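Enquirer: Letter by letter, the chains look like this.
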Amino acid sequence: MSERNTLIDDKSYTNLEIGAGCGDFGKKFYPKCYLTDYDANLRESCELCHIDWFCDAHELPWGDNRFDTIILCNPYNYGFNDDDSTDKLMKELLRVLKVTNSKIILISTKNNKHCNPQRVSTRISAFCKKNNISNMNVSSEEIDCNSLYENYVFKEVLGDQIFPSCKITIDVQ
Amino acid sequence: MSNSSLNIDTLSREINLLSLSDKMNRGGYGDLFYDHLTGLTKFKMLSSENNIDELKLSEKTYFGLEQYAIEHSENVESEKSQNEVDWDLIDDAKELLKIKLANSLGIGQNYESSELKPIIKFTTDNYENYLLYKMLYPDSISNPWLPTHNIILENGYLLMVSGQKDFIREYDKKILDKEDENSTGLFVLAKSNSTRGFSGFPIDTRSNMQGLIFDFLRRDASGMRNAIKTEKIASFLKTQQKNYSEQNIRVMFLLPLKRAGLIGSTTSGYFFINSPDDLIHSYKHHREKLRGLQRTLDMYKNKGKQLGIDLETV
Ligand SMILES: C[S@@+](CC[C@H](N)C(=O)[O-])C[C@H]1O[C@@H](n2cnc3c(N)ncnc32)[C@H](O)[C@@H]1O
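Protein chains in written order, with full-length UniProt numbering: chain F, 1 to 173; chain W, 1 to 314.
Think of the hints as simulated: they come from the structure by calculation, not from any bench. None of the values given here were measured: they were computed from a predicted structure. Among the hints, a few may not be true.
Derived SDA-like pairs: lysine to any residue, alpha-carbon spacing no greater than 20 Å straight-line [claimed, not checked]: (1) F:Lys110 - W:Asn75; (2) F:Lys130 - W:Asp91; (3) F:Lys155 - W:Lys60; (4) F:Lys130 - W:Glu95; (5) W:Lys80 - F:Cys145; (6) F:Lys155 - W:Ser58; (7) W:Lys80 - F:Asp160.
Every beta carbon over 12 Å from chain W, so not counted as near; a handful from chain F, in silico [stated by the list, open to error]: (8) Leu48; (9) Glu59; (10) Arg95; (11) Lys167.
All residues carry an ideal CB built from backbone N, CA and C; glycine is no exception.
With the hints as extra help, turn the sequences into a complete structure.
Expert: This is the structure we're talking about:
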């Protein structure tokens with residue numbers, strides 16, 4: 001792997017957040033979490049930028065079999081919109097996720113076409129079928145983000161607040 | 001059309017009727033694309049955290065506006081939709097459109113490896129947004145993807161928005177030559193049936209300017225009694241180092257804002273609609289204009305009769 005890989009790789013950090021934007025969700029609710037996003041402009045546009053590493057969700061700089069949990073909050077313009085995008089994302093997430101006993105957590109609004117719970121479930125089924133994967137399980141629940149993640153402000157791409165209503169968990173057993 | 005008429009039969013019928021245009025000119029998609037952009041920007045303009053004039057249009061912000069319209073639809077619609085989205089129906093319709101477009105372009109089986117895949121994908125994703133919004137608000141006339149739905153299904157063009165010059169260059173480098181100081185760095189790429197390939201244009205900053213003018217009217221011309229003339233808007237823009245002719249201000253900024261129902265106008269100028277009275281006044285003013293037009297049409301029809309032409313059927 002490239003030198004980027006050696007830059008931040010404290011093995012005690014077992015959680016990873018993708019597309020974190022200006023937020024610090026992973027650091028607040030899943031401590032020992034690296035935050036990433038692909039948009040380097042966030043350095044200037046966020047009041048306080050928490051990103052540890054700027055990288056594309058489909059090209060993560062870490063080695064294989066590395067993280068316990070990967071978190072995506074409100075993914076937009078990447079994610080589970082169709083089988084192609086699911087394939088591309090899941091292959092990379094599964095590469096850096098520990099092979100067993102790991103999970104992907106998705107926090108989303110229900111009309112987000114990149115991360116609607118029913119969509120995620122349909123796409124993951126198709127992905128597992130295509131790739132002969134049998135140890136993955138998807139579950140979702142409705143959430144009240146105000147009480148579950150008190151005082152945390154989720155934001156859409158343009159920076160205004162949004163209120164996610166679903167939490168989806170993809171368990172890798 | 002109510003939500004119940006959104007089913008696979010009606011959607012496959014509209015998709016089957018699609019026939020790609022033989023024309024390459026901008027007429028079939030240019031103005032409609034800008035209507036779409038105004039329609040998207042409207043959600044942000046009406047937000048209490050409106051900072052549209054600071055919003056620099058880029059690929060990221062274009063998709064941001066798309067997300068914004070879905071997530072903050074209540075800025076434009078009277079209430080938040082309680083409707084459930086039929087994701088399977090959207091998937092099926094997208095797939096049908098993809099096949100129809102690929103077959104029309106003669107790449108049926110080779111879709112996956114075709115250079116046309118990105119523009120087909122953008123087109124079907126755009127159709128998906130139209131359907132998603134329509135499922136949420138079946139009767140809305142503010143669906144920001146209505147104009148692009150017309151571009152695709154009625155006028156027969158594929159379309160794509162991209163900020164990647166290398167990508168655009170591969171399809172038609174002449175589009176890049178059209179860039180000027182009013183360009184945003186984003187481009188529209190369109191494809192018809194024509195063997196001449198692609199056409200398109202650099203997207204200009206008009207949606208930012210519309211936002212700027214909308215804010216100006218909200219501040220300085222709130223209510224019909226404070227209506228202001230185009231001349232004053234031109235002077236305001238000059239103070240912002242932006243020089244536009246009054247004619248361009250009317251055509252590029254004020255008319256689209258009016259068509260989007262964002263501002264009112266009367267003989268004394270343009271204004272921010274601040275009260276029911278403003279709305280009624282503007283509505284009556286336009287209704288009168290429409291009646292005037294109707295009278296002209298009736299006169300022509302009459303003349304047509306004398307000449308033995310039935311203008312209803314032309
Ligand atoms: C809607 S914002 C959500 C921000 C944050 N997670 C929240 O919920 O408040 C989506 C974020 O995903 C990032 N993003 C989009 N595409 C990405 C990609 N391919 N790889 C990594 N990040 C991406 C954007 O830069 C943006 O910051």
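Enquirer: Hint by hint, work out which the structure violates, then give me just those numbers in ascending order.
Expert: none
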